Every structure is written in structure tokens, then in C-alpha cells.
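A.B. asks: Produce the entire structure from the sequences given, and follow the hints as far as they go.
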Amino acid sequence: MREPGAHSSEPQESRNFLGSPAHRRRRPLAARSTAQQKSVFTLRGPGSALLLTVSTLAMLACGNSALALDNGPPPGLITETVASRDLLREYDNSKSFGAEPVSAKSRKHVQPDGIRAGDFLILPGVGTAVTYDDNIFSSSHDATADVVSEIAPSFVIQSVLPRHVLNMAFGGRIVSFAENSDQDYIDGHAAVDGALHVDHAHTLALSASTRLTHEESNELGAPTNAAEPVPIQTSRLSLGLTRDAGRLYGTLSVAAEHADFSDVDALSGGSLEQDQRDRLSGDVQLRAGYRFSPGFEAIGKLRLLRELNAQEGHSELDQTGYEALAGVAFQTSPLLRWRLLGGYGIRTFDDTPENDSGQLLLEGGVEWLPTDRITVYGTLERAFNAVSGDGPGGYLETSADVGVDFELYNNLVLKLGAGLTDADFLDGDRRDTILTGTIGLEYFMNKNLAFTFSTQHDWRDSSDAAFDMDRTRVRVGGKLRF
Numbered sequence: 016m017r018e019p020g021a022h023s024s025e026p027q028e029s030r031n032f033l034g035s036p037a038h039r040r041r042r043p044l045a046a047r048s049t050a051q052q053k054s055v056f057t058l059r060g061p062g063s064a065l066l067l068t069v070s071t072l073a074m075l076a077c078g079n080s081a082l083a084l085d086n087g088p089p090p091g092l093i094t095e096t097v098a099s100r101d102l103l104r105e106y107d108n109s110k111s112f113g114a115e116p117v118s119a120k121s122r123k124h125v126q127p128d129g130i131r132a133g134d135f136l137i138l139p140g141v142g143t144a145v146t147y148d149d150n151i152f153s154s155s156h157d158a159t160a161d162v163v164s165e166i167a168p169s170f171v172i173q174s175v176l177p178r179h180v181l182n183m184a185f186g187g188r189i190v191s192f193a194e195n196s197d198q199d200y201i202d203g204h205a206a207v208d209g210a211l212h213v214d215h216a217h218t219l220a221l222s223a224s225t226r227l228t229h230e231e232s233n234e235l236g237a238p239t240n241a242a243e244p245v246p247i248q249t250s251r252l253s254l255g256l257t258r259d260a261g262r263l264y265g266t267l268s269v270a271a272e273h274a275d276f277s278d279v280d281a282l283s284g285g286s287l288e289q290d291q292r293d294r295l296s297g298d299v300q301l302r303a304g305y306r307f308s309p310g311f312e313a314i315g316k317l318r319l320l321r322e323l324n325a326q327e328g329h330s331e332l333d334q335t336g337y338e339a340l341a342g343v344a345f346q347t348s349p350l351l352r353w354r355l356l357g358g359y360g361i362r363t364f365d366d367t368p369e370n371d372s373g374q375l376l377l378e379g380g381v382e383w384l385p386t387d388r389i390t391v392y393g394t395l396e397r398a399f400n401a402v403s404g405d406g407p408g409g410y411l412e413t414s415a416d417v418g419v420d421f422e423l424y425n426n427l428v429l430k431l432g433a434g435l436t437d438a439d440f441l442d443g444d445r446r447d448t449i450l451t452g453t454i455g456l457e458y459f460m461n462k463n464l465a466f467t468f469s470t471q472h473d474w475r476d477s478s479d480a481a482f483d484m485d486r487t488r489v490r491v492g493g494k495l496r497f
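Using the numbering used here, you'd call the opening residue of the sequence shown number 16 and step up by one each time.
Simulated from the structure, these hints should not be mistaken for laboratory data. Fair warning: this is a prediction, and the values are worked out from it, not measured in the lab. All C-beta atoms in this analysis are idealised placements derived from N, C-alpha and C, irrespective of residue type, glycine included. Certain hints may be false.
Okay, the calculated beta carbon distance ranges per label pair [said to hold, decoys possible]: (1) Ser164 with Gly261: 51 to 59 Å; (2) Leu423 with Pro368: 53 to 61 Å; (3) Ala132 with Leu375: 47 to 55 Å; (4) Pro177 with Ser308: 41 to 49 Å; (5) Glu194 with Pro368: 44 to 52 Å; (6) Met460 with Ser191: 39 to 47 Å; (7) Ile389 with Gly284: 48 to 56 Å; (8) Ser191 with Ala132: 28 to 36 Å.
C.D. replies: Here's what the structure looks like:
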């Protein structure tokens, strides 16, 4: 099983051709890094208690395809050391038995060869997709349907150096609506990830990225009066040092991120300002673990974060956070893997102390391999998302996801998924329940051609009827890779 942070000769985009797991509700990019930095959550009312019970049962029944026996690196950072590659053979029981989830299989026979240029491998590609969306504005009534087409070029430069790592990725996405051309937009991104293996036990890693994305109307934080998708320019820089040469390992990292939300036209006329959502954030993290026997590890993490509004006169977002989690990652058998962490988190707001919160943290996941062609997985999280378009307080979120990957053939994978989310907004009476179901198919025709077929249904019930939503999307996509 491939550990997070480990680098591989396979291009990442080809291993995850469908993008983020289809059964998970997609967050806007600028909010995503904050949402990934999970912190505090509190349950409110009997509905949340029922949701937590159902989510726990679902988690126990299924597993997470991204589950690993370590604590996972900060986003973008490479935390593998020369020594850890050898240690995994001893401390990861699954590897000694050849057990691996469907998503981790190499499929080298249908992976592009790339273009060799010295110590680098160049992997160009272009993807295209057509989606029928029966509710493009995520409306509670009078839904508008449209056909959405996408073209997504990509250019990846991957190092094949004997020791160190230097990878670069560039790409974009052109989205066009057949009948609602005012919703068209273009995304783009550029990123570089590097790792210097100082010696066999230490790795110094650097990650830098910038990207332009657009926030769609179905996102929880999206403004309801926007006449078009909100452009978000996000830049992130992170640096980390990892020591991993024995039972005890750890990564110390620092990161900074800037998100700029652009103004858009308002449905009521005029311009809809978004400056109050701009932010500058930074965090320091320490992630550590102890391998006390093969297949069993104690893990933990400490985190300090600071988030500021990037525009003068908008200080309600300014906040400080503290987090501490500890738990275990273990295998009850080489085919059944668990990861359970619990802890405490605090968020304090500079100018809105009524939104301060100190609550329990929870992260859980389980992965089950009933056969070598089937992977069942699930996750459960209690989290606080500090970014919202409706106010400075953000929303409290509990979410559960379950899914199944079924390898029908060595180049054909069926994906089934479902998700349940409860979002409770801190600065108002709004509360949303979101259900998502997905069926997808990945077909790797040969080394150069891959296709996807998927359908996804989202249903949202809100205490504010204006946010109710029922939405179905059917998607057909293809990718040409070299």
C-alpha cells in the first residue's frame, strides 16, 4: 500500500483520473485548505446524535482507500525518507502479504510511457468531458438544466533522479455551458514539489503552488446573490523537515497561504463585493508516530494556526487556532486497516468572541480488502470550517463517506460511493443536511487513452428553504495521455 507522501514513477493524475472521490462533496478550492485543516466540532440537537450513530456504523462497515498507517503529510509535502522505504517492508504487514487496495495498483500496462528528457519524465495530456446537469444553479425551485463541456490540458514534469525529487505540474480547465454562456470560466494551476534527501534518515521538502478556481453555486459558502461563479486566486508555500529512520518518526512543517476572492456581478444588479472573504493564513504543524510493532503505530499531531482577513476593515475572520490529536493506526489483519484519532481544538476570534469554540476533534477511517479486486472504505470526521460566504463564523460539520472500488478487469474499475454531511452555521439559525450518491466507471483503454462514465446525485435539506437543492449530473469523459 502506497503511503502518503511517497513518490512514485506513476503520474498522480493518471492514478486518480476521476479526480477527487466522486462520493465526497467537493469544497471550493480556497476553502478547501481550511477545510482540510480540520479543527473543532460540536454536535447540536438529536439530529446530530442520530447522524453520528449512523456515521459510526457506516465507518465500521467500510474503509478508506486513502487510509495509511502514518499520520499523513501536510498538503503537497514529500515526507518519505530513504530509510522509510526499507522500513515499510518490515512495519507494514500488508506489504509482506502483497495486499493493496484497488486504487493503489500500478496498472503499468495502461499507464503512459512519457517522454524521457535526461533525469526527467515529461507527461503531457489533455482531457475532455461532457456533463448533463439538471440544476446548474443549485436552485430550490425552477431548476435550470444545461450541458456543460470541459477541456483540461495538463503538463507534468516528473523527476527520475536516483535520490532527490523535483516535480512540476501545469494545467487548466476550460468550462463552457451550452445555453448559459455567462457561466463560462477558465481555471489554471501551477505547482512545484521538491525533496532533498539530506541523508538516509532526513528529508527536507518544499512545495509551492498557485491556482485560479471558480466557486460554483452548490458550495456551502457560495454567495446566494452571485450571478456567476466567483473567481478565487490561491497561492500556497510550505516547507517541512522529516526524520524517519526507526520506530520513532516525525515531520515539522510551516505553511502560508493567500486566497483572493474576486468581485462578481450580482443577480440584483451592480457588483457583489467579495473582499470580506479574502484571507492570509499560516500554520505550524508537528506530526509524529511510533511503530511499536509491525502493523501497529501510535500517531499524533500538534498544530498552531493564524488566519487574517487580507483586506483592511474586515477583521471578523481574524482568528487563532490550536489543535492536538492522538490515536492509533493498526491492522486487525493484512486485509483490514484502521486509523482512529481523537483530541481537542480551540478557535478564538479577535473581534467576535461569541464565535470562540473549544471542542473535541475526531478523525477515523477503515479500509477492508475482501478480495484482491474489491476495496471497501469509509471515513468519519468532526470538523470546523472557518470560511463561509454567509458570515464570519463559518459552520460546524460532521461528515461520513463510504465507498466501494471493484476491479471488473485489470483496466476497468467500478466505483460506488455515498456521503452524508451535517453543516451547522455558527452565526445564524441555518443548518443543512446533504446526501450524495455516485456511480462511476473508469476504463483504461490503452497507454494513451482513458475514459470515465459517472452519475452523481446531490440532495440538500436546509432550515432555510432557499438553500434546498436536488441535483443530478451525468458525465462522460476521456483523456489522451502521452
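A.B. asks: Please name the hints from earlier in the document that this structure breaks, with their numbers sorted from lowest to highest.
C.D. replies: The structure breaks hints 4 and 6; every other hint is satisfied.
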